[in-house]
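Can you build the whole structure from these sequences, using the hints too?
Using this note's numbering, read the sequence shown as starting at 1 and increasing by one per residue.
Quick caveat, the hints were computed from the structure, so don't treat them as lab data.
Positions of the beta carbon are idealized from the N, C-alpha and C atoms, including for glycine.
A hint or two may mislead.
List time: in silico DSS-like cross-link candidates among lysine-lysine, alpha-carbon distance up to 25 Å [to be verified]:
| hint | residue 1 | residue 2 |
| --- | --- | --- |
| 1 | Lys103 | Lys140 |
| 2 | Lys140 | Lys87 |
| 3 | Lys94 | Lys54 |
| 4 | Lys103 | Lys54 |
| 5 | Lys103 | Lys35 |
| 6 | Lys72 | Lys46 |
| 7 | Lys83 | Lys150 |
| 8 | Lys35 | Lys83 |
With beta-carbon atoms standing in for the labels, derived distance ranges [to be verified]:
| hint | residue 1 | residue 2 | range |
| --- | --- | --- | --- |
| 9 | Ile163 | Glu138 | 14 to 24 Å |
| 10 | Glu158 | Ala27 | 29 to 39 Å |
| 11 | Glu7 | Lys161 | 18 to 28 Å |
| 12 | Ala109 | Lys87 | 19 to 29 Å |
| 13 | Gly120 | Ala27 | 18 to 28 Å |
| 14 | Pro77 | Ser19 | 20 to 30 Å |
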Amino acid sequence: MFRKFDENENVSSTNQIKSSVQRQIRATILQQMPKIEPYLQDIWPKKESARVMKCHEHIEILTVGEECLFFKQRDSPWYPTLKLLHKYPFILPKQKVDRGAIKFVLSGANIMCPGLTSPGADLNMDTIDDSAVAVHAEGKVNALAIGHMKMSPQKISEVNKGIGIDTVHYLNDGLWHLKIVK
Numbered sequence: 001m002f003r004k005f006d007e008n009e010n011v012s013s014t015n016q017i018k019s020s021v022q023r024q025i026r027a028t029i030l031q032q033m034p035k036i037e038p039y040l041q042d043i044w045p046k047k048e049s050a051r052v053m054k055c056h057e058h059i060e061i062l063t064v065g066e067e068c069l070f071f072k073q074r075d076s077p078w079y080p081t082l083k084l085l086h087k088y089p090f091i092l093p094k095q096k097v098d099r100g101a102i103k104f105v106l107s108g109a110n111i112m113c114p115g116l117t118s119p120g121a122d123l124n125m126d127t128i129d130d131s132a133v134a135v136h137a138e139g140k141v142n143a144l145a146i147g148h149m150k151m152s153p154q155k156i157s158e159v160n161k162g163i164g165i166d167t168v169h170y171l172n173d174g175l176w177h178l179k180i181v182k
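And the structure:
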């Protein structure tokens with residue numbers, strides 16, 4: 001999604017959003033990520049005005065101040081950015097890949113089922129399919145990527161073939177390097 005993302009070419013407009021729309025977005029984020037509720041006031045103060053950057057491929061990036069907080073594409077759920085996830089690592093369920101998958105994840109590849117079921121990986125069985133997850137790696141502290149579960153963990157362990165997690169945002173992609181100018 002953000003592989004070749006460039007702020008000068010891909011951002012079409014930036015608009016301040018009305019307070020009613022902000023409340024609606026807040027409610028949606030709280031519904032999708034209930035663990036963020038005690039910290040949402042620190043992340044996005046109610047008095048702080050938010051802006052939405054409209055980008056190519058129907059991507060919307062929610063910014064508060066000079067920080068990108070959340071993004072989504074069309075009708076997909078809101079995802080936190082990796083910078084926000086590194087500050088609050090508990091807001092998304094974790095899936096852990098083995099060491100062999102690190103270089104592929106950092107280049108933006110989707111996570112394959114064998115990378116989630118091999119020794120060194122840890123498949124979180126509490127996650128549901130079609131949800132946002134933080135992708136961690138064996139031996140690393142911070143998340144490498146944010147993904148979208150394509151299959152349930154039970155199906156991943158049964159089939160052990162194909163794409164298990166779609167990668168939507170990873171370290172050093174275009175969103176990671178995005179600078180907000182007021």
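Each hint, compared with the structure:
As the CA atoms of Lys103 and Lys140 are separated by approximately 13 Å, the hinted pair is consistent with the 25 Å bound. A distance of roughly 15 Å separates the Cα atoms of Lys140 and Lys87; the hinted pair therefore holds under the 25 Å criterion. For a cut-off of 25 Å, the pair hint linking Lys94 to Lys54 is broken: about 29 Å separates their Cα positions. Using a Cα cut-off of 25 Å, the hinted pair Lys103 and Lys54 is violated, with the two alpha carbons roughly 30 Å apart.
For the given pair, Lys103 sits about 30 Å from Lys35 by alpha-carbon distance, which is inconsistent with the 25 Å threshold. For the given pair, Lys72 sits about 21 Å from Lys46 by alpha-carbon distance, which is consistent with the 25 Å threshold. Proposed proximity of Lys83 and Lys150 is supported: the alpha carbons are some 24 Å apart, at most 25 Å. Proposed proximity of Lys35 and Lys83 is supported: the alpha carbons are some 17 Å apart, at most 25 Å.
Checked against the given bound of 14 to 24 Å, the beta carbons of Ile163 and Glu138, roughly 20 Å apart, stay inside it. Range check, Glu158 to Ala27: about 36 Å between beta-carbon atoms, so the 29 to 39 Å window is met. Judged by the Cβ atoms, the range 18 to 28 Å given for Glu7 and Lys161 is violated: they are separated by roughly 38 Å. Remark: the range hint 19 to 29 Å for Ala109 to Lys87 is upheld by a beta-carbon distance near 26 Å.
Separation of Gly120 from Ala27 is about 39 Å and departs from the stated range, judged on CB atoms against 18 to 28 Å. The hinted window of 20 to 30 Å between Pro77 and Ser19 holds, with their beta carbons roughly 22 Å apart.
Violated hints, listed in ascending order, are 3, 4, 5, 11 and 13; each of the other numbered hints is respected by the structure.
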